[in-house]
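*Asks:* The lines below spell out each chain.
Protein chains: 2
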Amino acid sequence: MPEHAVRFLPDDVTVTVTEGESLLVAAVKADIPIRGSCGGKGTCGRCRMTVREGRVRSAGYGKLTAEEIAEGSVLACQSVLETDVLVEVPPESRLAAHQVEQAEGVIEDSDPCRHDTCEPLYRRVELILSPPTLDDPRDDASRLKTAIRQATGLEAVDLDPEILPALPRVLREQNWRIAALLEEGDRRTRVVAVTGPGEEPLYGLAVDIGTTTVVVHLIELGTMTTVGVRGTYNGQAVYGDDVISRIMHAGDGENGLPQLQSSVMATINDLTAELLREKGITPSDVKVAMCAGNTTMTHLFLGIDPGYIRLEPYTPTVNEPPPVRAGRLGLAIHPRALVHCLPGIASYVGGDITAGALYTGMAREEALTLFVDIGTNGEMVLGHQEWLVACSCSAGPAFEGSGIKFGMRAMDGAIERVAVSKGGGRVEVATVGSMPPVGICGSGLIDMLSALRRAGVIDRSGQFTAEPDTPRVRDGEDGREFVLVWRDRTGRGTDITINEAEIKNLIRAKGAVFAAIRTMLSMVGLPVEAIERIIIAGGFGRYINIREAINIGLLPDLPLEKYSYVGNSSVKGARLVLLSRKAREQARELAGKMTYLELSVGNDFFDEFVSALFLPHTDMTLFPSVQD
Amino acid sequence: MPEHAVRFLPDDVTVTVTEGESLLVAAVKADIPIRGSCGGKGTCGRCRMTVREGRVRSAGYGKLTAEEIAEGSVLACQSVLETDVLVEVPPESRLAAHQVEQAEGVIEDSDPCRHDTCEPLYRRVELILSPPTLDDPRDDASRLKTAIRQATGLEAVDLDPEILPALPRVLREQNWRIAALLEEGDRRTRVVAVTGPGEEPLYGLAVDIGTTTVVVHLIELGTMTTVGVRGTYNGQAVYGDDVISRIMHAGDGENGLPQLQSSVMATINDLTAELLREKGITPSDVKVAMCAGNTTMTHLFLGIDPGYIRLEPYTPTVNEPPPVRAGRLGLAIHPRALVHCLPGIASYVGGDITAGALYTGMAREEALTLFVDIGTNGEMVLGHQEWLVACSCSAGPAFEGSGIKFGMRAMDGAIERVAVSKGGGRVEVATVGSMPPVGICGSGLIDMLSALRRAGVIDRSGQFTAEPDTPRVRDGEDGREFVLVWRDRTGRGTDITINEAEIKNLIRAKGAVFAAIRTMLSMVGLPVEAIERIIIAGGFGRYINIREAINIGLLPDLPLEKYSYVGNSSVKGARLVLLSRKAREQARELAGKMTYLELSVGNDFFDEFVSALFLPHTDMTLFPSVQD
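Chains A and B, in that order, are what the protein sequence lines are.
The working numbering numbers the first residue of the first sequence as 96 and each following residue consecutively.
The working numbering numbers the first residue of the second sequence as 96 and each following residue consecutively.
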């Protein structure tokens with residue numbers, strides 16, 4: 096088969112592909128992370144590239160405009176090479192690493208682990224054994240086990256058979272003062288090595304496997320210090336934005352699942368390798384990993400087909416996966432390291448939510464807490480020390496830009512703040528990095544919706560009103576639209592617009608979140624006002640303006656001081672569970688206690704959802720602070 | 096290096112060895128099992144061979160007579176090849192397989208397992224799961240675990256991560272009627288496979304790893320039927336007869352331990368392969384093994400140096416070894432099969448005794464039982480449901496022929512019954528297989544001692560009396576000796592004799608056993624008469640005449656109806672533990688309950704031993720039924 100060279104700009108990376116392979120494959124080979132919201136079906140238009148030299152053959156152009164096509168834009172997933180080519184990849188087609196929040200590694204003083212006796216999943220225990228005598232000639236193994244029981248209080252201690260051949264020599268050479276390396280498994284603890292007393296550091300990973308982003312904390316287990324944090328986009332993104340498209344790709348032929356498994360593993364391995372290189376640590380010094388992800392991410396990470404998650408009755412293969420050896424999974428740390436995943440409770444409430452709920456401490460408090468993690472999905476937990484209810488709704492994608500033509504993540508050039516003058520004539524925007532606007536991110540979408548409503552451009556149902564007398568409201572290709580930024584003020588050569596269908600998408604998304612909250616409350620017979628604390632988690636939550644989110648009816652109308660932001664509670668919870676035995680017990684207890692509310696069953700949710708398809712809501716008494 | 100061919104007769108096997116290698120090495124290569132009581136030091140004289148053609152250079156001739164040397168006899172361990180040679184291996188130098196008791200596999204109806212709910216260590220459980228619904232959308236893994244708990248009552252069930260990828264498909268393809276394969280580990284049970292309901296048989300091994308012999312039972316786990324039994328000599332025999340010489344060889348350079356480990360493994364693998372071939376079963380169908388051996392054998396089997404067992408304070412590395420995967424050990428069954436060893440309690444009371452005590456049921460009965468296993472060592476357990484005391488004495492080797500020039504095992508030509516006329520003039524012997532006598536085995540030695548005493552040939556201290564007026568009593572190379580069989584009546588061309596030093600050896604051996612029994616009784620303050628049941632175990636026990644054993648003071652003078660013989664209780668106990676969960680619990684409990692009595696500590700044993708160095712005893716009141 097003939098081969099062609101592809102040179103990517105501005106990266107200036109050249110790779111060779113076989114004739115018939117797509118530009119998307121070439122980008123994967125060139126290690127250029129590309130968005131593929133639709134999973135390579137040519138419908139989302141996210142993987143747009145511009146061919147500067149050479150020729151490609153495109154099977155389709157999806158949502159690209161005639162203008163874009165004339166300029167040489169193609170969809171990478173739909174285009175195969177006919178010659179060598181020079182291609183430019185615009186910023187909005189990229190998954191860029193730099194925006195992924197990396198500052199979560201700072202350990203607050205309130206970290207529960209600071210106050211507990213912390214016992215990491217893998218740890219060194221220094222022991223002094225009494226030497227055998229004729230009156231006490233117990234075998235070396237029993238002597239070791241007894242010493243460990245006395246030092247740790249652990250009853251369920253096993254010995255790895257591998258340690259036995261060297262055991263008698265080490266005990267006697269070290270004059271009965273030794274260190275035992277303990278590995279906690281599913282429910283039992285295993286002695287995996289016995290050495291002289293030593294100070295070599297031991298490391299562990301806490302990993303948040305998000306649908307969109309992956310964050311790795313590298314932790315020194317002896318001192319329990321986070322020595323480094325890295326995050327980037329999940330390499331699976333090329334196969335689709337949300338869990339549903341990933342699940343569909345997993346079921347697509349024999350390669351789907353292995354591709355997804357190896358791409359997320361590559362993401363974690365790359366992040367880990369960077370951290371280790373930076374600190375001069377070898378992979379074999381990393382002895383354990385604790386991962387938190389939603390149920391689909393956990394399945395894919397473990398190489399398990401998540402197919403049944405999207406088929407009624409929405410059944411995962413496993414909610415509480417047993418730990419697996421890193422070597423089996425392909426995780427590039429010590430091959431015998433145990434890799435744990437936090438237990439989830441249902442197909443759409445996974446280990447990341449268990450981690451988050453654990454981290455907030457809500458299961459140990461009297462106050463009624465609502466925990467909301469809006470990422471690619473919207474997951475919520477309501478409750479206190481007596482009970483917990485959890486549910487999930489498909490809310491996030493719209494706020495992350497899915498189904499919104501100019502939607503994008505919070506990268507340079509993303510509009511994050513929007514103000515609109517009465518009547519809609521003037522618009523002011525602020526962008527991430529103060530760069531010329533190329534699209535609009537989640538917080539910008541919330542602001543925009545609120546601003547358009549207040550400006551009278553749209554009505555409470557999201558329809559354009561007759562009122563505005565401004566060229567910004569016009570008929571576009573997909574119906575009535577509002578021009579947010581004129582072409583000459585953008586960084587992309589087209590007007591940035593929002594149309595009625597997109598506004599309806601956003602309203603459905605915010606309505607789903609609010610309806611889910613109300614359904615949980617009605618299940619336990621409590622009003623919105625009963626909530627004493629609302630904790631927002633997830634990268635999206637960091638940037639939103641809570642006031643505006645209340646204004647559009649996304650979040651309950653409660654005093655702002657009841658709100659707090661917890662950041663990436665998934666990785667923080669994973670870190671806690673990695674380090675504290677008490678936290679591990681609590682995590683199991685919490686996962687066992689949480690009641691899952693399946694919103695597709697029964698009509699409560701549907702009624703609530705329909706009522707919430709207004710700005711802010713059909714029932715204005717629920718939003719007393721919002722002026723009509 | 097020049098090479099030489101060695102042809103062995105009557106086997107007619109030819110092998111090639113490098114110059115400088117010994118005839119013993121050649122025999123190992125030719126797969127001819129040779130006795131090596133002294134571990135190849137040239138002192139025991141067991142490895143005698145006759146060179147028919149060619150030339151060897153011998154470093155020494157040990158106990159060979161001038162006559163034997165003249166006939167071309169050499170010690171294989173001391174002789175290196177100078178040319179190609181033709182060598183004859185006499186029967187008494189061989190470890191022959193055919194005598195190892197093979198009939199122990201017959202399962203008596205009283206087998207406790209017949210009456211319990213038997214749950215083998217590896218088993219198939221048929222399950223019907225309720226399919227998931229919207230009201231019950233639990234994950235497949237929880238559904239499986241719940242079904243297993245309901246079916247088995249097991250609480251501690253883990254899932255092997257390997258089963259998860261296929262789990263959802265199997266459950267649905269089989270319409271929720273499946274079979275789970277359960278593997279019991281140290282304390283928890285693991286689901287290692289999930290399949291459609293099936294009838295493919297599963298197999299397990301019960302193995303007795305004796306110092307002298309190894310016995311393997313192949314058991315179909317579903318029906319709990321023993322489908323075949325094989326036994327042979329432990330391939331380690333070439334490195335020494337008793338545990339002490341094995342321990343010394345294990346510490347001899349880098350190769351000692353691996354040689355011992357691989358030779359016992361080869362023995363078990365050979366036996367297993369024969370059984371599997373015979374029944375047309377593939378090794379991977381064997382899913383589990385349960386082994387019972389003394390502490391040294393267990394250490395060597397697991398590749399652990401038993402060195403500290405023979406050094407004060409006699410400390411084993413491990414009494415309760417964790418199970419190990421067959422692949423790690425080199426046991427040629429399914430590589431993932433778990434290999435368990437029964438727990439022992441001390442350096443000289445191992446898992447074989449736990450197995451035996453378990454099998455007798457003595458730990459669950461009110462009657463005071465004495466369990467005596469005379470093999471290469473003599474181990475004893477005394478007790479009932481309230482308490483158990485165990486001890487060990489080095490008794491066996493003499494009765495197995497060690498330190499007795501014409502001693503041999505119960506093979507064809509071994510004298511097993513002896514009658515001597517008053518004054519010693521006439522001797523009648525019976526041999527195994529009614530073949531011409533070549534030596535004398537354990538039961539023959541007991542008979543002989545008793546007969547010589549009754550005939551007045553020896554006195555109560557074992558010395559020849561002045562009385563006998565017969566050419567049978569004469570001065571030999573090693574002092575006074577008694578001719579048991581004249582040369583022309585033997586199958587070996589020399590007179591078969593016993594000398595005074597050998598008789599003293601036998602008296603010390605029987606004295607040690609009886610002194611051990613008395614020491615245990617005195618520890619608990621009970622007289623000999625308190626014993627309600629005496630159970631004799633071990634291959635040696637099968638052939639001895641209890642009456643004669645009492646006459647020489649080896650066993651207590653109690654009515655013969657209190658005695659019973661249990662055969663190879665080590666393998667029988669291992670089989671029980673392989674098949675019955677209750678037996679596994681009892682074995683652990685029993686090992687925990689047994690008090691070990693170290694006879695080398697304190698003077699009770701030494702006093703008892705000195706008193707027992709008479710026939711039958713210094714204190715004749717202990718043996719009222721024995722006529723002086």
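Certain hints may be false.
Which copy is meant is left open, so a pair is good if it fits within one copy or across any two.
To be verified - Keeping only pairs whose Cα atoms sit at most 27 Å apart, straight-line, the calculated DSSO-like set for lysine-lysine is:
| no. | residue 1 | residue 2 |
| --- | --- | --- |
| 1 | Lys374 | Lys136 |
| 2 | Lys677 | Lys240 |
| 3 | Lys158 | Lys677 |
| 4 | Lys599 | Lys240 |
| 5 | Lys688 | Lys240 |
| 6 | Lys599 | Lys688 |
| 7 | Lys677 | Lys124 |
| 8 | Lys517 | Lys657 |
| 9 | Lys158 | Lys136 |
| 10 | Lys124 | Lys136 |
| 11 | Lys677 | Lys136 |
| 12 | Lys374 | Lys517 |
| 13 | Lys136 | Lys240 |
The hints are simulated quantities; they were obtained by calculation from the structure and are not laboratory data.
Bear in mind the structure is a predicted one, so any value in this text is a computation, not a measurement.
*Asks:* Would you mind marking each hint as holding or not holding in the structure?
*Replies:* Hints, one by one, checked against the model:
In this assembly of identical chains, Lys374 and Lys136 lie within 27 Å of each other by CA distance neither inside one copy nor across copies; the values are 41 Å within and 57 Å between. In this assembly of identical chains, Lys677 and Lys240 lie within 27 Å of each other by CA distance both inside one copy and across copies; the values are 22 Å within and 25 Å between. In the homo-oligomer, the alpha carbons of Lys158 and Lys677 never lie at most 27 Å apart, since the shortest distance is 52 Å inside one protomer and 70 Å across protomers. In this assembly of identical chains, the alpha carbons of Lys599 and Lys240 never lie at most 27 Å apart, being 64 Å within a copy and 44 Å across copies at closest.
Taking the shortest Cα distances, Lys688 and Lys240 sit within 27 Å of each other only across copies (18 Å), while inside one copy they are farther apart (33 Å). For the homomeric pair Lys599 and Lys688, neither the shortest alpha-carbon distance inside one copy (36 Å) nor that between copies (75 Å) is at most 27 Å. In the homo-oligomer, the alpha carbons of Lys677 and Lys124 never lie at most 27 Å apart, since the shortest distance is 44 Å inside one protomer and 59 Å across protomers. For the homomeric pair Lys517 and Lys657, neither the shortest alpha-carbon distance inside one copy (31 Å) nor that between copies (109 Å) is at most 27 Å.
In this homomeric assembly, Lys158 and Lys136 come within 27 Å of each other (Cα to Cα) only inside a single copy, at 12 Å, whereas the closest approach across copies is 89 Å. Only within a single protomer do Lys124 and Lys136 lie at most 27 Å apart by alpha-carbon distance; the minimum there is 19 Å, versus 67 Å between protomers. Taking the shortest alpha-carbon separations for Lys677 and Lys136, neither the intra-copy value of 47 Å nor the inter-copy value of 60 Å comes in at or below 27 Å. In this homomeric assembly, Lys374 and Lys517 never come within 27 Å of each other (Cα to Cα): the closest approach is 54 Å inside a single copy and 91 Å across copies.
In the homo-oligomer, the alpha carbons of Lys136 and Lys240 never lie at most 27 Å apart, since the shortest distance is 58 Å inside one protomer and 39 Å across protomers.
When the structure is compared with the earlier hints, violations turn up for hints 1, 3, 4, 6, 7, 8, 11, 12 and 13 and for no others.
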